[in-house]
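*Asks:* Listed here are the chains, written in short residue letters.
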Amino acid sequence: MHNFLREIERRAVRMAEFSTRNRDDALEIVQETMLGLVKSYSNRPEGEWKPLFYRILNSRINDWHRRQKVRNRVMTIVHWAKGEGDEPADNPLEQAPASYHSNPDEVLQLSFKTETMITAIGQLPKRQQQAFILRAWEGLSVAETAVSMSCSQGSVKTHYSRAVHTLRVKLEDER
Amino acid sequence: MSSNRELNPDKIEALARRALQEDIENFDSSTLSRLNQARHFALNQKQRRSYWQWLPVAATGTCAALAIAIFLPITQPETSNSFAEVVGSSAAFVVMEDPELLEDLDMMLWLLDEEPHAS
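These protein sequence lines are chains Z and U, in that order.
Oh and the first sequence: position 44 is 43 in numbering that gives the first Met the number 0, straight run, nothing missing.
Oh and the second sequence: position 27 is 26 in numbering that gives the first Met the number 0, straight run, nothing missing.
None of these hints come from the bench; they were simulated from the model.
Bear in mind that the values here come from a model prediction, so they are computed numbers and not experimental data.
In silico DSSO-like cross-links for lysine-lysine, where the CA-CA straight-line distance does not exceed 30 Å:
(1) U:10 to Z:125
(2) Z:38 to Z:68
(3) Z:169 to U:10
(4) U:10 to Z:112
Derived contacts from chain U toward chain Z, CB cut-off under 10 Å, selection only:
(5) 8
(6) 11
(7) 24
(8) 33
(9) 39
(10) 41
(11) 44
All C-beta atoms in this analysis are idealised placements derived from N, C-alpha and C, irrespective of residue type, glycine included.
Same shape as in the complex, but just chain Z (with noise of 0.2 Å):
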């Protein structure tokens, strides 16, 4: 489990990340799902991890957006009661950092093609962004692909078609 922890980690950060677009945040979200892969699965034979590792994330990363709409939700009327909110700021690009890295440094380490490739990843609708990423990062196959997305088999190739053929416009138009 330790091995299979540490090999999967940094990849779980990232995707979290992708969603998030805050790394305390995503490293809370992993932390979470290593606890519950520990805590319901571990007597599980160890080729189901992966995918059951990720459909932990997913439903922690799904929590944490449920949690965010119920807090800006909040903030919105504390605004807006306060008479500060005329305009309130709800539109998630606007609160969207520049960048998904927390650390400058790492942006400059980068290369271009490296940093439009990530960032046109980012970009991606949510489900396809996860289904590209399990089925070409991860290499996980359709099936396992579906466990971890909790969906059907069709539906991961639909997302995932989709999300190559938007990859391919986006890098074209970097081109």
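Given chain Z, work out where chain U should sit, using these hints.
*Replies:* Same frame as chain Z, now just chain U:
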């Protein structure tokens, strides 16, 4: 057109894999340290949980042993080990089974009484 041909799904996958891999290899030391802590914390929880898993079993075993130790002497029927009582009860049982033996027993008892006198 040629660039479109170049960027087939396999090529996009390969580019993405390389970019993502390069990205996670540049994680800062603080992130790596926190991941390390998170991993160890999760695995320690498992060990702690495995100790606690045995608690109900241990508690049940202890209770069962205590219950046996307390109630067994109370409920167990009193047994007597004296030879005479065992013989007496056996004789009574034998006589009840076959009343004719009673006459033989009387005969034996009479003979035992008579033998000292005879000597």
